[in-house]
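Starting from the known structure of chain R, fit chains Y, V, U and G with the ligands onto it as the hints suggest.
Sequence order for the protein chains is R, Y, V, U and G. Residue 1 is where the first sequence starts when you use my numbering, and the numbers rise one by one after that. Residue 1001 is where the second sequence starts when you use my numbering, and the numbers rise one by one after that. Residue 2001 is where the third sequence starts when you use my numbering, and the numbers rise one by one after that. Residue 3001 is where the fourth sequence starts when you use my numbering, and the numbers rise one by one after that. Residue 4001 is where the fifth sequence starts when you use my numbering, and the numbers rise one by one after that.
If you are wondering where the hints come from, they were derived from the structure by calculation, not from laboratory data. No incorrect hints appear here.
To list a few chain Y residues with every Cβ distance to chain V over 12 Å, as calculated:
hint : residue
1    : S1019
2    : Q1036
3    : N1115
In silico lysine to aspartate or glutamate, DMTMM-like type, Cα no more than 20 Å apart, as pairs:
hint : chain 1 : residue 1 : chain 2 : residue 2
4    : R       : K168      : R       : E191
5    : R       : K168      : Y       : E1191
6    : Y       : K1010     : Y       : E1076
7    : Y       : K1168     : Y       : E1191
8    : G       : K4171     : G       : D4123
9    : Y       : K1168     : R       : E191
Below, a sample of chain U positions facing chain V; criterion: calculated Cβ distance under 10 Å:
hint : residue
10   : T3023
11   : G3026
12   : A3038
13   : P3051
14   : P3052
15   : L3060
16   : L3063
17   : E3075
18   : I3161
19   : I3164
20   : L3166
21   : A3177
22   : A3180
Yeah, the Cβ is synthetic: ideal placement off N, Cα and C, and Gly gets one too.
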Amino acid sequence: MSGSGPFQDKMSLRVEQLSLSRGERLLARDLSFEVQAGSYVEIRGGNGTGKTTLLRAIGGYFRPREGRIVFEGVEEPSLALHYVGHLNGLKGGASVRSHLRYWAGLFGVVGEEENALQRLGLRAQADLPARVLSQGQSRRLALTRLVLAPRLLWLLDEPAAGLDAQGKAMLADLISAHCSAGGIALAAVHEPIGPTPTRVLTVGA
Amino acid sequence: MSGSGPFQDKMSLRVEQLSLSRGERLLARDLSFEVQAGSYVEIRGGNGTGKTTLLRAIGGYFRPREGRIVFEGVEEPSLALHYVGHLNGLKGGASVRSHLRYWAGLFGVVGEEENALQRLGLRAQADLPARVLSQGQSRRLALTRLVLAPRLLWLLDEPAAGLDAQGKAMLADLISAHCSAGGIALAAVHEPIGPTPTRVLTVGA
Amino acid sequence: MSAFAATFRRELSLMWAGGGALTPLGYFFGATLLVPLAMGPERALLAVAGPPLIWIAAALAMLATLERLFQADLEDGSLDQMLLSPAPLEALTLAKGLALWCVVGLPLALAAAPAAIALQAPVELVPAIVASLALGTAAFAGIGLVGAALTAGVRRGGVLIALIVLPFFAPPIIFGAAVAGGEQVGSAMALVAGCALGAAALGPIAAAAALRLQAE
Amino acid sequence: MSAFAATFRRELSLMWAGGGALTPLGYFFGATLLVPLAMGPERALLAVAGPPLIWIAAALAMLATLERLFQADLEDGSLDQMLLSPAPLEALTLAKGLALWCVVGLPLALAAAPAAIALQAPVELVPAIVASLALGTAAFAGIGLVGAALTAGVRRGGVLIALIVLPFFAPPIIFGAAVAGGEQVGSAMALVAGCALGAAALGPIAAAAALRLQAE
Amino acid sequence: MFSYLANPARFMAFSAWAGPIFMAAAAVLFAVGIPWALIYSPADYQQGETVRIMYVHVPAAWWSLGIYAFMGGASLVGLVWRHSLADVAARCAAPIGATFAGVCLISGSLWGAPTWGTWWEWDGRLTSMLVLFIIYLGYLALWSAIEDEERAARLAAILCLVGLINLPIVKFSVDWWSTLHQPASLFRAGGSAIDPSMLGPLLTMAGAFFFLFAGLLMFSMRTAIFRRRVESARLRASQA
Ligand code: HEM
Ligand SMILES: Nc1ncnc2c1ncn2[C@@H]1O[C@H](COP(=O)(O)OP(=O)(O)OP(=O)(O)O)[C@@H](O)[C@H]1O
Ligand SMILES: Nc1ncnc2c1ncn2[C@@H]1O[C@H](COP(=O)(O)OP(=O)(O)OP(=O)(O)O)[C@@H](O)[C@H]1O
Ligand SMILES: [Mg+2]
Ligand SMILES: [Mg+2]
Chain R
1 MSGSGPFQDK MSLRVEQLSL SRGERLLARD LSFEVQAGSY VEIRGGNGTG
51 KTTLLRAIGG YFRPREGRIV FEGVEEPSLA LHYVGHLNGL KGGASVRSHL
101 RYWAGLFGVV GEEENALQRL GLRAQADLPA RVLSQGQSRR LALTRLVLAP
151 RLLWLLDEPA AGLDAQGKAM LADLISAHCS AGGIALAAVH EPIGPTPTRV
201 LTVGA
Chain Y
1001 MSGSGPFQDK MSLRVEQLSL SRGERLLARD LSFEVQAGSY VEIRGGNGTG
1051 KTTLLRAIGG YFRPREGRIV FEGVEEPSLA LHYVGHLNGL KGGASVRSHL
1101 RYWAGLFGVV GEEENALQRL GLRAQADLPA RVLSQGQSRR LALTRLVLAP
1151 RLLWLLDEPA AGLDAQGKAM LADLISAHCS AGGIALAAVH EPIGPTPTRV
1201 LTVGA
Chain V
2001 MSAFAATFRR ELSLMWAGGG ALTPLGYFFG ATLLVPLAMG PERALLAVAG
2051 PPLIWIAAAL AMLATLERLF QADLEDGSLD QMLLSPAPLE ALTLAKGLAL
2101 WCVVGLPLAL AAAPAAIALQ APVELVPAIV ASLALGTAAF AGIGLVGAAL
2151 TAGVRRGGVL IALIVLPFFA PPIIFGAAVA GGEQVGSAMA LVAGCALGAA
2201 ALGPIAAAAA LRLQAE
Chain U
3001 MSAFAATFRR ELSLMWAGGG ALTPLGYFFG ATLLVPLAMG PERALLAVAG
3051 PPLIWIAAAL AMLATLERLF QADLEDGSLD QMLLSPAPLE ALTLAKGLAL
3101 WCVVGLPLAL AAAPAAIALQ APVELVPAIV ASLALGTAAF AGIGLVGAAL
3151 TAGVRRGGVL IALIVLPFFA PPIIFGAAVA GGEQVGSAMA LVAGCALGAA
3201 ALGPIAAAAA LRLQAE
Chain G
4001 MFSYLANPAR FMAFSAWAGP IFMAAAAVLF AVGIPWALIY SPADYQQGET
4051 VRIMYVHVPA AWWSLGIYAF MGGASLVGLV WRHSLADVAA RCAAPIGATF
4101 AGVCLISGSL WGAPTWGTWW EWDGRLTSML VLFIIYLGYL ALWSAIEDEE
4151 RAARLAAILC LVGLINLPIV KFSVDWWSTL HQPASLFRAG GSAIDPSMLG
4201 PLLTMAGAFF FLFAGLLMFS MRTAIFRRRV ESARLRASQA
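Pulled out of the complex, with its shape left as it was, chain R reads as follows (with noise of 0.2 Å):
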């Protein structure tokens, strides 16, 4: 993690005989894998296949018809995570750096506010309403929230959508940086975002 030094806990993720469904639809059944700290993790899978759900399932949104997730080393998941999802979660009214001091309230840290504008290369529109930033400016300031606040566990949908060639290398550096310093990084992805993944997770095949 940028600044903020290797974690200083250790934290692992099973996930058990997992079944996933969406209306009718089964999109998983007996899913079982582990991940251990220091892991960047790729799940795969075309369309429609789950890749979603599955990271909606692991961050608390969506609650698996069976199984279980298990956070080791962590007391309450949904403060060890970062969810970057296919929604930017931004309001077209605020700025881009009120959206950081919200986050920075939000999630109860302080101080890395101008690091994160820095890191995402968004120091110019610091002061635009998030209304008017272009697709890709719009998804690094969700990614801003993986530099605001350190947190073991990255979801990450598609997180390189709409990102240009130096915006790739951005986000990959920052997951080399969050997995060496001890976390973990799960991204789906439809191609490879940069970093060597520890392990490839393909649904729905």
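Structure of chains Y, V, U and G with the ligands alone, referenced to chain R:
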């Protein structure tokens, strides 16, 4: 164009000394280029350099500060083009098939609905409400418009966003077929999406 | 199917799926229910003050449906597609307004019958009240189109719409309330009809002009 | 800054940017303006029937701000982030409700003073009307949170909210209108305060429970 | 009993015979109660024959309150223990409760016209009953507006629990406000104040209404469960 054979008319597009600005920011100055029938043009450039703005100006949604955009061989530009932007234009409550039916009516065409579903691999989802589609499935639905109504000029803003490998191949096929039938495609992209571009236009360099 | 028909049909089904007339009716009954609650149950007072308030309740019920009418189209990119249709945008806004009237306006007019009775309106006036409201809601729909189009780009535009639209609601409400109050029913009805015609004719045109600017 | 304070501050600034109290006030004045239009300008009638209607106008003005309160958070992904905060969701919904009350409720209560005078309320009652509305809008905000959270996932939820929320608005309106009508001002005021307390205590809890379900 | 029936298969088996039995009980009680109420019970010395509306009005009023309370219980079970059967029960009871509330309102109006000289009066009891009716409608509207059944069930359950607040208001509104409407005469401290000659048919009709509710509930729950099964089978088949 799949199923409808080569276009009867030929069009070309000429952009003359275009200046584009958003708020106080100047995105393009004195941009001039010409695109002939049958071309596939890739628009490249970093995040926030003005790709979307350029496409929207050509589509007639955005008024350029200076310069002209000339359509040759076309009477009413807005009836000769398709625009697939960052937003998919879907209604969560309406089913996939009803979107196609609506667009067919809106564009004044008939009968290509099943073909379009087939071409974009959405047959299995035809009766689902758009709300439950995955990211890639939503994008595919937006792309069905290209098949549904044959139009000469395609303006595509990161058309491959969210598509899996198979989806990207489908899109590449669509674009190739369109251009060899005499249509024009302009696509803003961060990475090549398949077809060999006739030319690459870099904005904001 | 023409673009007009396609739009009309889609709007109808989207509105039905989103609760249809059920919810504006709830709003309408809720609002009329609040009147006696606030004013107290006194019979004589209600009989004079109540029936005209039905018009206010109907106006507010329609108002509440307006906020997202075009805002959603703008936010999800549908408006971009509407601008690529061979049909003029005026026809498409007219189709949306018509759908609004069918799904919300007409049921409101019918619902006015029991509401009028509850607010102690004389029974022989009820048919006139219903007919005048059917016209009045058409006027509201036409005016509302313009308000919704003007505020489509504004977050929390709902209340801004109200501000823009309510002054224009005043004429149909004044004449309509005269019908409900039983004064010069015939000529008041003619005036409501005039408002409806004017709004239905001008509303879609003004709304389309506003929408063209929103796409930027 | 705590998550509560951060949420409160953000909501305040978003609401201000989105027009702030201006637009609900417009709705409020618009609705009260329609009353004499619909009822006719008769002084005596207005003086009896008018002041309680201020409560209806205020209730409807707050109602109109509710639709997008949580719906926007759900649609743009903000809700996902709220669920990752160390603060309980109940605290965050309370912060939103509080912001709503500050930006919309309190200005409405103050605006009730001129509106009451325009509707011929006795001047000596005006302070009581303002105070009771300040409490009443707090009750509306608390109840409204629940309605907004329940309908966050529904398109065109605005009218559905109305249906759900208006029955619960009835008690504060009944007691509040009694204050405005000048009957048993003291005890009616105490009852409005009771409604406000109950709604402020229970509203955020029920709203948070509903919101947790919406994230799926 | 509740936990026994919580298993859908057992519920289906139970309701297969319980539904018809409840309906039969309702039919028998109506067959006794209607003639008793309409012909053999005395006319009121003040109100004359119109008092007979009571035999519809009062049971409908009682059970519209009772059904809401039942829905509240079912909602709590559905929320806390996530029993889908409880959700179905609450959902299926709601239209019946709304109908009873509507019957109470309409019969009350019909009764009010001759006795009070008005169809409708905004007193506490009548108003709060109307509020209950609107809460029923809101509950149903919320259900139908949310497509995902499971989520709809949980959200509607929250609304239902919040709406429970209205029950004591309906019940005690007569005591709190001085009103036109009758205060409670049967369920009150110090015993019933209704003449036994009217109490008999009234209680019979109340029993009939109860069994009508129970029977209708069984049937509509069965339909809902069947529909669900058919839908999931159809979807599974379409995916295979
Ligand atoms: C639309 C109008 C009316 C409504 C909404 C209404 C509502 C109710 C309700 C909710 C109850 C049940 C109260 C309880 O169990 O505590 C009830 C009971 C009753 N109502 Fe009405 N009512 C209406 C009109 C009338 C009229 C016109 C009469 C007769 C003059 C009447 C006579 C009664 C009686 C005798 C009871 C039984 C009270 C008891 O034994 O507890 N109601 N009504
Ligand atoms: N109610 C429903 N009935 C049937 N199928 C549903 C329902 N809701 C969702 N689905 C399906 O469940 C799947 C959800 O997939 P999810 O969003 O997890 O996919 P994904 O792997 O993230 O895809 P993408 O790469 O496109 O983002 C989709 O195929 C969708 O069509
Ligand atoms: N009001 C404004 N003031 C200043 N800058 C603005 C304003 N509105 C928009 N911009 C800037 O204009 C640019 C718009 O770029 P556009 O959306 O066309 O970029 P793009 O090339 O499509 O980028 P991306 O690859 O991220 O989609 C952005 O850099 C944005 O920050
Ligand atoms: Mg996905
Ligand atoms: Mg762009």
